[in-house]
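Protein chains: 2
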Amino acid sequence: MSKNAAGMEPVRLAQPASAGLPDAVSSRLSALLGPRFSMKPADREHHGKGESYHAVQAPDAVCFAQSTEEVSEIVKICAAADVPVIPFGAGTSLEGHVSAVRGGVSLDLSRMTQIIAVRPEDLDVTVEAGVTRHQLNAYLRDTGLFFPVDPGGESTLGGMAATRASGTNAVRYGTMRENVVSLTVVLADGRVIRSGSRARKSSAGYDLTRLFVGSEGTLGIITELTVRLYGIPEMVSAAICPFGTIDEAVATVVGIIQCGIPIARVELMDTRTIQASNRYSGLSYQETPTLFMEFHGSAAGVAEQVAFARDMAEQNGALAFESADDADTRSRLWKARHDVHYAVQAMRPNGRVWSTDVCVPISALGPCIVETQKDVEAASFFISTVGHVGDGNFHLGLVIDPSSPAELAEANALNDRLVRRAIAFGGTSTGEHGVGTGKIKFMDLEHGAGVDVMRAIKAALDPQGILNPGKIIPEAQ
Amino acid sequence: MSKNAAGMEPVRLAQPASAGLPDAVSSRLSALLGPRFSMKPADREHHGKGESYHAVQAPDAVCFAQSTEEVSEIVKICAAADVPVIPFGAGTSLEGHVSAVRGGVSLDLSRMTQIIAVRPEDLDVTVEAGVTRHQLNAYLRDTGLFFPVDPGGESTLGGMAATRASGTNAVRYGTMRENVVSLTVVLADGRVIRSGSRARKSSAGYDLTRLFVGSEGTLGIITELTVRLYGIPEMVSAAICPFGTIDEAVATVVGIIQCGIPIARVELMDTRTIQASNRYSGLSYQETPTLFMEFHGSAAGVAEQVAFARDMAEQNGALAFESADDADTRSRLWKARHDVHYAVQAMRPNGRVWSTDVCVPISALGPCIVETQKDVEAASFFISTVGHVGDGNFHLGLVIDPSSPAELAEANALNDRLVRRAIAFGGTSTGEHGVGTGKIKFMDLEHGAGVDVMRAIKAALDPQGILNPGKIIPEAQ
Numbered sequence: 000m001s002k003n004a005a006g007m008e009p010v011r012l013a014q015p016a017s018a019g020l021p022d023a024v025s026s027r028l029s030a031l032l033g034p035r036f037s038m039k040p041a042d043r044e045h046h047g048k049g050e051s052y053h054a055v056q057a058p059d060a061v062c063f064a065q066s067t068e069e070v071s072e073i074v075k076i077c078a079a080a081d082v083p084v085i086p087f088g089a090g091t092s093l094e095g096h097v098s099a100v101r102g103g104v105s106l107d108l109s110r111m112t113q114i115i116a117v118r119p120e121d122l123d124v125t126v127e128a129g130v131t132r133h134q135l136n137a138y139l140r141d142t143g144l145f146f147p148v149d150p151g152g153e154s155t156l157g158g159m160a161a162t163r164a165s166g167t168n169a170v171r172y173g174t175m176r177e178n179v180v181s182l183t184v185v186l187a188d189g190r191v192i193r194s195g196s197r198a199r200k201s202s203a204g205y206d207l208t209r210l211f212v213g214s215e216g217t218l219g220i221i222t223e224l225t226v227r228l229y230g231i232p233e234m235v236s237a238a239i240c241p242f243g244t245i246d247e248a249v250a251t252v253v254g255i256i257q258c259g260i261p262i263a264r265v266e267l268m269d270t271r272t273i274q275a276s277n278r279y280s281g282l283s284y285q286e287t288p289t290l291f292m293e294f295h296g297s298a299a300g301v302a303e304q305v306a307f308a309r310d311m312a313e314q315n316g317a318l319a320f321e322s323a324d325d326a327d328t329r330s331r332l333w334k335a336r337h338d339v340h341y342a343v344q345a346m347r348p349n350g351r352v353w354s355t356d357v358c359v360p361i362s363a364l365g366p367c368i369v370e371t372q373k374d375v376e377a378a379s380f381f382i383s384t385v386g387h388v389g390d391g392n393f394h395l396g397l398v399i400d401p402s403s404p405a406e407l408a409e410a411n412a413l414n415d416r417l418v419r420r421a422i423a424f425g426g427t428s429t430g431e432h433g434v435g436t437g438k439i440k441f442m443d444l445e446h447g448a449g450v451d452v453m454r455a456i457k458a459a460l461d462p463q464g465i466l467n468p469g470k471i472i473p474e475a476q
Numbered sequence: 000m001s002k003n004a005a006g007m008e009p010v011r012l013a014q015p016a017s018a019g020l021p022d023a024v025s026s027r028l029s030a031l032l033g034p035r036f037s038m039k040p041a042d043r044e045h046h047g048k049g050e051s052y053h054a055v056q057a058p059d060a061v062c063f064a065q066s067t068e069e070v071s072e073i074v075k076i077c078a079a080a081d082v083p084v085i086p087f088g089a090g091t092s093l094e095g096h097v098s099a100v101r102g103g104v105s106l107d108l109s110r111m112t113q114i115i116a117v118r119p120e121d122l123d124v125t126v127e128a129g130v131t132r133h134q135l136n137a138y139l140r141d142t143g144l145f146f147p148v149d150p151g152g153e154s155t156l157g158g159m160a161a162t163r164a165s166g167t168n169a170v171r172y173g174t175m176r177e178n179v180v181s182l183t184v185v186l187a188d189g190r191v192i193r194s195g196s197r198a199r200k201s202s203a204g205y206d207l208t209r210l211f212v213g214s215e216g217t218l219g220i221i222t223e224l225t226v227r228l229y230g231i232p233e234m235v236s237a238a239i240c241p242f243g244t245i246d247e248a249v250a251t252v253v254g255i256i257q258c259g260i261p262i263a264r265v266e267l268m269d270t271r272t273i274q275a276s277n278r279y280s281g282l283s284y285q286e287t288p289t290l291f292m293e294f295h296g297s298a299a300g301v302a303e304q305v306a307f308a309r310d311m312a313e314q315n316g317a318l319a320f321e322s323a324d325d326a327d328t329r330s331r332l333w334k335a336r337h338d339v340h341y342a343v344q345a346m347r348p349n350g351r352v353w354s355t356d357v358c359v360p361i362s363a364l365g366p367c368i369v370e371t372q373k374d375v376e377a378a379s380f381f382i383s384t385v386g387h388v389g390d391g392n393f394h395l396g397l398v399i400d401p402s403s404p405a406e407l408a409e410a411n412a413l414n415d416r417l418v419r420r421a422i423a424f425g426g427t428s429t430g431e432h433g434v435g436t437g438k439i440k441f442m443d444l445e446h447g448a449g450v451d452v453m454r455a456i457k458a459a460l461d462p463q464g465i466l467n468p469g470k471i472i473p474e475a476q
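Residue numbers (numbering that gives the first Met the number 0), protein chains in the order written: chain A, 0 to 476; chain B, 0 to 476.
Just chain A, with the same shape it has in the complex (with noise of 0.2 Å):
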C-alpha cells in the first residue's frame, strides 16, 4: 500500500461498514447548506484523518456549519435517516477521533469563529467552537488576559473541550475540566441545550458541563462554549535544569509540587530528546535528562519561585539551574522543548509519530519513567521521552515506519505494557489525548463496570447512536 504525504496509508474512502450517504439526506443537507455541503473526495479524505498513526475512515460527505442553528438541523436532518455525525474542528485529534468508522457525515465547526463576549470583568468568555486557542489569544492582546490551556496542535476550543485537552500550562491552570465555565451543546435530536450558567460555582443538579468536557462528541456537538481567563502575569520566568539521571529530574518536580508551588510549566526531556533537538536545531545543551520550567507571578512571588526549585534542583544532584526574566532569553533556555515535535519527527526520514499518553499519580511518576526507560531502551527504534511531569503525565514519542507491520506490533505491545503499567499505578490510559479509537481497549480494564455506567448514558443521550460512534466505548460484550 502507498503511503501519502504525512507516511501513513491513505484514508480509506469505500466504506465497508457504511451504506453511502441516502439521496433524501444528501439534498437535504445540500439545500441547508449549498456549497458548504461537500461529497468531494478531497474534502472527504481531510476530514477522515487526524494527527495520529491510526488507520482511518473518510465520511461520505462533510458539512460546514456556521452557526448553531445549523448544526441543529444538520442533526435532525441525519438524525431522521440514522446518520452517524461526527464532529470536526482542526483535525488534530491524535487517537482516531475524526475517523467515520460507521460511514456518515463530518461536522466541520471550524467556520465558527466568532468570538461572542469578552468579559474582563468576570474573566471569562464566550466563543463559537472553531475559535483556536491562538485564535483567542490573539484576540485577548490588549485585554491583558490569556487562555492558558495549550495542547501541542493549532486545536479548536470545541475539539479542546470535546476530548478535555490540556498541556504544559495545566499543572497551574488545569485542564478543559477546569477551564470551561459553560457550554452550548447540541443533543442527538437536534435540540439545543446550555449546561450549566456563569457563575464560578453551583450546585444546581448534575454537571452537564463536565459530562459533554470530555465526551468526545458521542453525547451532543459543543457549538459554544465560554471559558475561564487569566490576567497575563506581571512577571514570567524561565529556567533549564540538566540532571545526571532521570530520577533526579523527576524527583525534583515532586518536591516542587508537594510542596504547593504554583509551578506554572514543568516540562521534561529526556536524553535521547536532548540529543535529538541539538542534532535539529544545532544547539549545544548537556545530553542529559532536562527540565524546563515556567514561573508566573508577582516579581516577589516569581522570585521565591526560582529559589525554591534551585534549591529543590540542588537538593536532587542538579548540573545546573540557568534562569532568566526576559523574553529572549526565555526563549532561548526553551528553544529545545518548543522544537521538540520537529526534533523528534526529524529522527526518520518519512517516519511518524506515535505518542503514548499515560498519567499517573505524583508519587508513581519516578517508578512508572524509570520502568519504562527499559522499553525504550530495547526498542528497535527511536523514543523519546516528554513529560508535563508537575500533572504525573508523560509522551513517549515512538519514531515508526507505519509501513512497518512488525513496527506496528512492537509499538502496539510497548503501549499496551506502558498503559497497563500506568493503571496499576493508580493511573490512566490517557492524560489528554483522549480515547478515540485508539484507548478503546483500555477502557474496560480502567473503568471496569464504569464502562457500563458510561455505555447506559450514551444509550439514554443518543439512543439511535449517530453521535461519533465507535467512540470511547467499546461494544458491549
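The set of hints was computed from the structure by calculation and includes no laboratory data. Hints are all accurate, no fakes.
Quick partial rundown of chain A residues pointing at chain B, CB under 10 Å, derived from the structure:
#	residue
1	R176
2	S214
3	G389
4	A421
5	T429
6	F441
7	V450
Beta carbons: idealized from backbone N, C-alpha and C, even for Gly.
Given chain A's structure and the hints, the job is docking chain B onto it.
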C-alpha cells in the same frame, strides 16, 4: 400544629406516598444488619430531617451501614422490592435532601468513618463517606496538610460530595467539584464502581466523578472518596475592612478577584448582620458593611496580597483596614464572622433561619446585592446578608417564624424573586446548598432543556427510580 425543638413542624411519620416497608425487605435488612437496622420512631424521625425549614418526611426504616459491601447488599434488597433508598450523612442538608418523600429506607453512612489512606506525596487522601471534615483535618494535623472545603455544618465528606458543597475557602481552593479525585459508588442495582483514577488529569471517557459529585444520591451512593489535600500555608494573615456602603465593599472584592490575587477567603457581612453580631457577642464592630479577608502563602506572598487588598480597599473608600498575622488577633478580627450563625438565629426567639443561596458572575454581584437590599429592607422579618463574595455567592438569612403561613409565604416570594434575579444575571439558584426538594421548582428555569438531559441520565442509571426520589429533577410535564 405544634413545633419541635428546632422550631419547625414535626417530622411526619405517616407516609401518604409510601406503602410502608414490605415485610420481606425489613426481615432481609434485619438479617443483614442486626441491630443496625432500625424502625424505631426516634431513628426514623432523626433521619427524615435536615437543618432546613422544609417540610420533611421520615423514612420507614434506617440502615446503619459499615462498608461498601453492606451498602451494596442494602441497595440490592431494596431494589428487588422497589423500595426507595435515601443516603444520609450528618443530616446537615439545607434543602430537604434526606426527606423520604416516597417513604423507603434511610441509608446512614455516618458509621463509615475509616480514613483509608493518606498519601502526602500525592496530596490526596481516601476516606469512607461518613468521615466529617473536622475529623479529617484533626487526623491530618501532624502531616502539615489540610482539606480546605468548609461548609458551615459538621458535614460528612460523602454528603459534601453529593451536594457539591463549598464554603469560605472555595475562592482559592475550589469546591467539591475541584477537590474530589475519585469516588467509590454503589449503583441503583447494587453494583460497585470506582470513578476515575488518582491521576491529576485524564481524558479517558466520561467524567463520572463530576457526574456523581452534586447528584445528591439520585444516581448512586457514594461510599468512599479520594480528595485533594493542600499544604498548610507557611503564613496566614487576616483582615477586616468596614465600608460606608455595600457597593464599595463589593467593588473591593471584584477588584481583588479581577486582578487574580489568590485571596483565600473574602466574606461580606452587611450592616444588619454586624449589628446582630455586636448584640450577640458583646462586640463593638463599626455597624456598617464589612469585609472579612484571609490570605495564605509564603511570608512575602501574603505581605504582597495584604498590601494589594489594602490598596484596593482604600481606593474604594474603606473606612479602615485592620490586619493581623498571629492566630489570636486573627481570631478576634474574624469573631463576628465565626459567630454569625448564632447571632442571626438569636435575633428572634424560636426563629428559624431560611438561608438563600444564589451565586452570580462577579460582575453582577454588586447589582444583584443592591437590588436585593430593597427586598431586605421591605421584609417584615430580620434578614442578614452574608456572602462568600469572592465566588459571587451570598446568603440571605431570613429569620422567620416557621409556624406562620404569612411569613413562609413572604419568604417564599422573596426567595423566588431572588432566584429569578440571579438567573437573569447569568447565575444559579444554588451556589453550594444543592437542589434537594427546595430548589426543584427552579430547575426548568435555570436549565431549560438541560433538565431533560438530567432526566434521561437519571432514568438510565436508576430506571426504577429508587435512589433518593423526588430530588433535583422536577416531574416531567
